[in-house]
Every structure is written in structure tokens, then in C-alpha cells.
Amino acid sequence: MELAFSGEVWFWRGPAPYHFVTVPDEQSAAIEAASASVTYGWGMIPVTVSIGGTDWRTSLWPKDGRYVVPLRVAARRAEGIELGDRVDVRLTVDV
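Start counting the sequence shown at 1101; every next residue gets the next number (the numbering used here).
Errors might be hidden in some of the hints.
With a Cα cut of at most 20 Å, we get these calculated SDA-like pairs of lysine to any residue [as the list claims (entries may be wrong)]:
1) K1163 / Y1140
2) K1163 / T1122
3) K1163 / A1133
4) K1163 / P1124
5) K1163 / G1184
6) K1163 / A1116
7) K1163 / Q1127
8) K1163 / M1144
9) K1163 / F1111
10) K1163 / A1104
11) K1163 / H1119
12) K1163 / F1105
13) K1163 / Y1118
14) K1163 / W1110
If you anchor each label on the Cβ, the simulated ranges turn out as follows [said to hold, decoys possible]:
15) D1194 / K1163: 16 to 24 Å
16) G1180 / S1137: 14 to 22 Å
17) T1154 / E1108: 14 to 22 Å
18) G1114 / G1165: 14 to 22 Å
19) A1104 / A1178: 25 to 33 Å
20) F1111 / S1137: 15 to 23 Å
Because the hints were derived from the structure by calculation, they are not lab data. For glycine and all other residues, C-beta sits at the position ideal for the given N, C-alpha and C.
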């Protein structure tokens, strides 16, 4: 399954601070429909993320009825991504 969307980068300051992009409702619903066959526990969904020319493997996190994409520091630096930027995201979910 391949999905594309754009979203704003936001910051979570929890015990392990991280930057995220929220997956929109329509794409979150498609991921949820496939989640039973791809999750490895706690609702985490393994994906390959592409932003600009940077690709990496990570897992989507469920949050408030949608999913969020964690943005690695190395990817943010490589693409010059800052808090509040709007980014185009491509996800590949291995179904």
C-alpha cells in the first residue's frame, strides 16, 4: 500500500521528544483497514517514509484516531525541515 499526503510538522515534548506529521483522516482510515495484517503490536504500523530525497524505515504511531509519522533527526536535517513546515510525505505500508 502506498499513500501520499502533506502535513505540518509538530513537536511532542514528552519524555522522548520527537517531531511528527499527522496522517490525514482518509489515509489513516486506509491504514486502519490494513492494520490487523501489518501491526506488530501496540497499534504500531511498519512503513517506509519518503520526504524529498530522503527515505527511512520507521513505524506509524496511533494517536487520537489517526496515525502520526515520526520524523528522524537525520531526515529533518537532510531535508532542512523545521517545526511548522509543511512537508510532502510518501508512505509505503508493507501489507
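Could you tell me which of the hints above the structure violates, numbers in ascending order?
-> As far as the earlier hints go, 16, 19 and 20 are violated by this structure, in ascending order.
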